[in-house]
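J.: The chain contents come next:
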Amino acid sequence: MIARDEVLHVARLARLALSDEEIEPMARELSAVLDHIAKIGELDLDEVAPTSHVVEVTGALRPDEPRPCLPREVALAQAPATSDDGFLVPSPQA
Amino acid sequence: MSDTANASSTETPAGGPPGALEAVIGLEIHVQLATRTKMFCGCELSFGEPPNTRTCPVCLGLPGSLPVANARAVHFGLMIGLALGSELAPRSIFHRKNYFYPDLPKGYQISQYDEPLCLGGSLGEVRIHRVHLEEDAAKLIHVGASGRIHGSDASIVDFNRGGTPLAEIVTEPDLRTPEQASEWLRLLRTTLRQLGVSDVNMEEGSLRCDANISLRPAGASELGVKTELKNMNSFRFIERGIRAEIARQEKLILGGGTVVQETLHFDPGSGAITSLRSKEEAHDYRYFPEPDLLPVRIEQAMIDAASADMTELPAARAERLRVEVGLSAESARLLAFRGELGDYFEAALAATADPAAPAQVLANWVTGELVSRLGEGEDPASSRVRPEAISALVGLVAEKHVSVGAGRQVLDRLVADGGDPEAIVAAEGLAAMDGGDELAGIVAAALEANADAATRVREGNPKAVGPIVGYVMRETKGRADGTEVSRLIHEQLGI
Chain A
1 MIARDEVLHV ARLARLALSD EEIEPMAREL SAVLDHIAKI GELDLDEVAP
51 TSHVVEVTGA LRPDEPRPCL PREVALAQAP ATSDDGFLVP SPQA
Chain B
95 MSDTANASST ETPAGGPPGA LEAVIGLEIH VQLATRTKMF CGCELSFGEP
145 PNTRTCPVCL GLPGSLPVAN ARAVHFGLMI GLALGSELAP RSIFHRKNYF
195 YPDLPKGYQI SQYDEPLCLG GSLGEVRIHR VHLEEDAAKL IHVGASGRIH
245 GSDASIVDFN RGGTPLAEIV TEPDLRTPEQ ASEWLRLLRT TLRQLGVSDV
295 NMEEGSLRCD ANISLRPAGA SELGVKTELK NMNSFRFIER GIRAEIARQE
345 KLILGGGTVV QETLHFDPGS GAITSLRSKE EAHDYRYFPE PDLLPVRIEQ
395 AMIDAASADM TELPAARAER LRVEVGLSAE SARLLAFRGE LGDYFEAALA
445 ATADPAAPAQ VLANWVTGEL VSRLGEGEDP ASSRVRPEAI SALVGLVAEK
495 HVSVGAGRQV LDRLVADGGD PEAIVAAEGL AAMDGGDELA GIVAAALEAN
545 ADAATRVREG NPKAVGPIVG YVMRETKGRA DGTEVSRLIH EQLGI
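Protein sequences, first through last, are from chains A and B. Going by the working numbering, the first residue of the first sequence is number 1, and it counts up by one from there. Going by the working numbering, the first residue of the second sequence is number 95, and it counts up by one from there.
Hints are supplied without guarantee of correctness; some may be wrong.
Stretches of chain A that chain B covers, calculated by requiring three or more beta carbons in the stretch to come under 8 Å of a beta carbon on chain B [as the list claims (entries may be wrong)]: (1) 26–40; (2) 43–56.
Just a sample of chain B residues kept apart from chain A, beta carbon distances all over 10 Å, derived [claimed, not checked]: (3) 149; (4) 345; (5) 447.
Read the hints as simulated data drawn from the structure, not as lab findings. Keep in mind the model is a prediction, meaning the values are calculated, not measured. Where is the CB? At the ideal position from N, CA and C, for every residue including glycine.
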């Protein structure tokens, strides 16, 4: 099973606040996922190229042509906090 | 967790005595590409529009929206790759770079990781590691307590910039000194500007530079632990920032300490270097392939189109100026690597059909006399001196209508007020004196006033002529021709 510290590190990266009671079950669930991946890792895949995408389509680029933007009030409508002209957030380094 | 160092405390160790430390520097340059729209959506790029008026569900990271890569950004990326002699990857893919910050609405930045658009290459003596495409972050406007990043309680996010296409150019650690780093960056900037792929304006952030810096014993082949110095927004700050970080590491190492790998911020105001992000988070980005974007396949037609849009690059221009225009290698390099000087010189060269002076003389006036009269890094095209005016002035000097000294005075006037050199010469009475009686009389007076010097010249000390010539130049306000003055002195002294 993965270590408690590792669970807390991953939780921190994902900005999740785990309670003490949640840490152990989370470690068990994450370990189950990793065990499953490890099982796949047993296959001999030396001859198989990594699959980053399941389809290979070419020419899927967009011409550099402007499209309408959202009106600002619409863009800001669902933000939890706004100022006159922007999204208001806690200062990242406060 | 913050280390501070004073920028002015120590000089760089590079090129020092045996046993000294040597700096190893690599650069990462972010260039905003001059497309019309953003990297993955059709929002127009912003040039000072009111905040949050250039957004859409894609660049706001709203659920259900899907990015599509901008063909012109890929085109510009290929042009950069061609200019740097990179290998253009037949297939490249986008990755998600995961981290939380309010300027990143999706919780990840779409970037490229192990399959970038361009690999390898070089510019000048510096090898290129890679070039990849990514999206810019939004802009944070800090409000509250101090208005600066530390100590303010709230920030406003402006997503106009979020999603702007960026090319990130990463060099190999081939640079050794702060001066070399800023010099090379000028060459890269000129190259990118010539390509037309970016505004390359450092003050406005369309060209940003980070430096990776480590120290090692001079001559060693292993690299030391590096730090990353972030976002220096002028050539001067880059030199000062790198110099300060080298000094900080050197002090640390010589004091028996070790350098810790971390991301640092240089404050040009105080010269202080501070740690930017805590270490455990800085390099844990958990990259994985972006499932919402298809791989980019580079076809021959795309490479052909990129080749067709290439213009003459600085290295080629330097060669042409040297071979076809006949400039010295040094002048050719200077004019080619500072493209605005090259443009100005070539405009001045073209202004006179049958110039009296060789091109090299004109180049010397532009790169020497004119540049020294302008502000640091100022484009002569935005000065009051029109290219045809300096061309005409150099012609007047070459034909000895105006002495070199008087020519400099005319240039002073041109820089201050603009205008036409011939008109200034006429108005200020700066036309060269011919070798007639007037000049002979002034030379005679000069010999009388500097009798000691005259004696020493007669006794065979040629250096003693200085005060005599100086007297003549003062009396004639620099209008006398130096060669003629020298001839008259010798004639009157009978030597």
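J.: Take the hints in turn and mark each one as holding or not.
T.: Status of the hints after comparison with the structure:
A stretch counts as covered by a chain when three or more of its residues have a beta carbon under 8 Å from one of that chain; for the stretch 26–40 of chain A and chain B the count is 0, and the coverage is violated. Check on the stretch 43–56 of chain A: 4 of its residues sit with their Cβ under 8 Å from a Cβ of chain B, so the three-residue criterion for coverage holds. Its beta-carbon lying about 5 Å from the closest one in chain A, residue 149(B) breaks the requirement of being farther than 10 Å from that chain. Residue placement check: residue 345(B) keeps its beta carbon more than 10 Å from all beta carbons of chain A (closest about 27 Å).
Residue 447(B), annotated as away from the interface, keeps every beta carbon of chain A farther than 10 Å; the closest lies near 42 Å.
Figure legend: structure checked against the earlier numbered hints; hints not met, in rising order: 1 and 3.
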